[in-house]
Every structure is written in structure tokens, then in C-alpha cells.
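Based on the hints, put chain B in the right spot on chain A.
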Amino acid sequence: MTTKSNTHQSTSILVTLMKFDVRFQVKQGFYLVYALVSALYIVILFNIPFPARSSVTAYLVLSDTSIIGITFMGALVLLEKQQNMLHSLFVTPVRLGQYLWSKAVSLTLLALLASALIAYVPGGLLPNWPTTLVAVALSSLFFSFVGLGISASAQSLNDYLAGIMLGGFVLCLPLVLYFYFPLLSLIFPINSVADLLLHSTETLPIIRIVLNCSIIVVWIFIAYWYAFAQFNKHVINK
Amino acid sequence: MIRYHQLIRSDLKLIRRDPMLILSLLAPLLYTAMVIWGIPFMVEFVSVEFNTNIEKYAPFFKFFLMPVAPMLFGMVYGFILLDERDGGVISYLAITPLGKSGYLAVRMIMPVLYSLIFNISFIYISGLDVYLNTFQAILLSLIMATEAPMMLLFLGAFASNKVEGIAISKSFGVLLIMLIPDFVFQGTWLWVFSASPIWWLQRAVFHPVHSWGYLFGSAIVHFVFILLLYRRFNRRFD
Chain A
1 MTTKSNTHQS
11 TSILVTLMKF
21 DVRFQVKQGF
31 YLVYALVSAL
41 YIVILFNIPF
51 PARSSVTAYL
61 VLSDTSIIGI
71 TFMGALVLLE
81 KQQNMLHSLF
91 VTPVRLGQYL
101 WSKAVSLTLL
111 ALLASALIAY
121 VPGGLLPNWP
131 TTLVAVALSS
141 LFFSFVGLGI
151 SASAQSLNDY
161 LAGIMLGGFV
171 LCLPLVLYFY
181 FPLLSLIFPI
191 NSVADLLLHS
201 TETLPIIRIV
211 LNCSIIVVWI
221 FIAYWYAFAQ
231 FNKHVINK
Chain B
1001 MIRYHQLIRS
1011 DLKLIRRDPM
1021 LILSLLAPLL
1031 YTAMVIWGIP
1041 FMVEFVSVEF
1051 NTNIEKYAPF
1061 FKFFLMPVAP
1071 MLFGMVYGFI
1081 LLDERDGGVI
1091 SYLAITPLGK
1101 SGYLAVRMIM
1111 PVLYSLIFNI
1121 SFIYISGLDV
1131 YLNTFQAILL
1141 SLIMATEAPM
1151 MLLFLGAFAS
1161 NKVEGIAISK
1171 SFGVLLIMLI
1181 PDFVFQGTWL
1191 WVFSASPIWW
1201 LQRAVFHPVH
1211 SWGYLFGSAI
1221 VHFVFILLLY
1231 RRFNRRFD
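Here the protein sequences line up with chains A and B, keeping their order.
Residue 9 in this note's numbering sits at position 9 of the first sequence, with consecutive numbering throughout.
In this note's numbering, each residue carries its 1-based index in the second sequence increased by 1000.
Below, simulated EDC-like cross-link-like pairs (lysine to aspartate or glutamate); rule was C-alpha separation at most 16 angstroms, straight line:
(1) B:K1062 / B:D1129
(2) B:K1056 / B:D1182
(3) B:K1056 / B:E1044
(4) A:K81 / B:D1086
(5) B:K1100 / B:D1086
(6) A:K81 / B:D1083
(7) A:K27 / B:E1164
(8) A:K81 / A:D159
(9) B:K1170 / A:D64
Treat the hints as calculated values from the structure; they're not laboratory data.
Extracted from the complex, chain A is given alone in its bound form (with noise of 0.2 angstroms):
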């Protein structure tokens, strides 16, 4: 009975933190200059003729909208602690876990709602839509996560960029091997993501979509471990 009631209320403080977030994002701004972006993407986009289109747009979610976590994160962490509100907030029954699934998802859902404008109003990847939308979620996730983790550590906006422009190479270089070693190198999460952007569902196995799926669900799990140790580090135990 205890333990219902503690997942509940646990359930309830995530619901809380993500609705404070997201509006929070709101009045920043980030939903209007992504509405603006977007926009202009689809403008582009409906002037590429297909196949084309197709591939161009899988490259703008994978290297555009698909990543929003890793680059807004770092403001949002960075503007709490210099307002010592991080303290202050894992005093009440906030869990640190909340906090950072909170803003992980609160962000996720910024790059499912831009991407699905781009995938599908010009319909660069309507026929590939299911697969695309768990491709975004569990690439965010991820991003989101190595945001976090680098922004627990960072003292101002620029270590932050300085930390996410090293990461994300570091991250994003494996993409190379795709176009080599294909199969092999799904086991790199930005290939895994690539690979079920890239191709329609008709052309993908199956075995091979819950394959990348399964990878990328790792990688997040290694992503917030990582984010946990970090916020514990510099942040909680400073």
C-alpha cells in the first residue's frame, strides 16, 4: 500500500516538475524560435524534389531537432544554479532523478513536436512516421541526458558550448563508420538513431529496428548515469 502511494506521489512531483518546465520553455522563447525554424525548414523542404527530400529531411532531424536537449540544456542548468535554486530544490521532496527525467522529457517533447512539422508537413518521412517519432524521442533522451551531464560541471555558458562541441563530436564522428561498416556500427547510438531515420520501415527488418531501439535504450541509460554522477559531484556533493 506504502509503496503504491509512494510511486504515485513520486509520479505526480515528475508531472509537476515537466508542466513547470515546459512552460518554463514557453517564456523563453525556445517553442517560438523553433516554430520559426521549423517553418523555414518546411519552405526549403518542399522545394527538394523526392527521393531527395527524403534524406534531406532524415539529416535535418538527426543534426537539427532530434538534439534540442544537448543545446538548451546547459541554460536552463546554468540559470538555476546561479540562482542557488538547485539547493533549494533537492531540500523538498524533489529526487535528483526527477529533476533531470523532468527536464529530459520536458525537452523531448520540443524536438518530437518540431520534427514531426518537418517530417511530415512536407512528408519528407510520412511514410517512415512511426519509426521516426521513436527515433527522435530516444535520440532527445540520450542528447538531453549528455546535456545535463556536461552542464552539472560548467561554470558559465561558454564551458558549457565548449563542453557540448567536444561531446557532440566525439558523439557525432562515429557517423562516419555508417557509410562503411553499416551493420557493425550500430552499436554507436547516432548510428543506431541514423539508421531508422535514414531508411522507411518497409525497407528495415524488424529485428533490426527493435536492434537500434534496444542500443539507443542503453546509451540513455548510460546517459543518465552519467548525468547522476555528475549532478552528485558538482552539484549536490559540492
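Same frame as chain A, but now just chain B:
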């Protein structure tokens, strides 16, 4: 003079301390590599994968990369400004002999200098000099270098904190996206994209007849943008 000298020295110290500044100063090397190896590789890749020849777009890709460095310098210095404003540093400097305008001048001059050196080298290394004479190349480099203070002032004028700064910096990409249609389509409707100051510079490089006209126009557009942003920045700061 001595006070400026001291602030420039402290700026050089800042470069040693700030990893992002070091990375952004290394960016020119990355661009040079992109121009030398990346663009021919991409032309070849698209030709094999999609059976499409995109060689005629190569000069555009080169030009597209050029404003990224000044924008990056402006963004990095803009984030330093936001960090310093959030931390109250500018208020302290405002009551020193340097003053607020002196502080802002140094923050703007340094990225202009870096950009100018980068732009001139880039024009000659990338081969874009075939479209311009020496005087035009220097003038264009100088005008494009003012993109840096433009970005810095834009961040200072519109962002009230780091989070808004990151959201705004994301929208800078829109200025670059607005260059794409001009290279693909034709017609007077393309003047809608003249809202992007870089559009004028693109026309100055590639227009077969009115290069000087567009260069002159770009100087005016850049001057007006900087003046308006400076006024807004001052109002906001006061």
C-alpha cells in the same frame, strides 16, 4: 589608451581561461579543412548516392561557411557579456574610467579583429576571390566582420538571461538559412530575404553586374542594424 590596453590584455587572459574562446578561434582551421576536403567529398558523395551533380553549388557552400565564424565569435563574446551582466560585472566597470561604452567597445572590437583576419584568409583559400577584386574582398571581409558585434548586441539587447540568450542564438541560424533560396531560385520575390544582412553580401559576391551596389547596400544595412541594436542595448542596460 592605457585603460583599453589593460582591457585588451584581460581579454587575452580570457582566451586562455575560456575553452570556448579557444575552440572558436580554432574554428577557422576546421573551416579551411571543410573547404579543402569536405566540399569535394560532399559533391562526390551526393553524385554517387543520389546521382545528382551539385558541383555548381560548391561556391555557395563555401560562401555559406564564411559568416559562421564571425557569428560564432559574436555569440561567444555575447555569452561572456551575458555572464558578466548577470554577475553584475558591467555595473562595476561602468563606474571605472573605462566606462560602459569603453567596455562594450573592447568586447566588440576583439571579435571584429578575429573575424577580419579569418574572412580575408578564407576568401583567398576558398577561391571565392575569383568573384571579387582585392578592394572588394577587403571591404566585404570588413563588413562581414561586423556580424560579430551585431550578434553580441542582439544578445545584449534582447536576452534578459542566459536561457533567452541560448534561444536567441539558435535563431541566428535563420539568417543563414535565408541565403539558400537565393542560390536555388530566381525572381524579384527573393528580395524578401534581404532582411538578412548576409543576403546582401551573398549578392555582392555572386551578382555578375551589381557587385558594388550590393556591397554598398550591405554596408548601409549592417550600419543600420548595429545602430538600432546599440540603442536598444543601451536602453535596456540603463
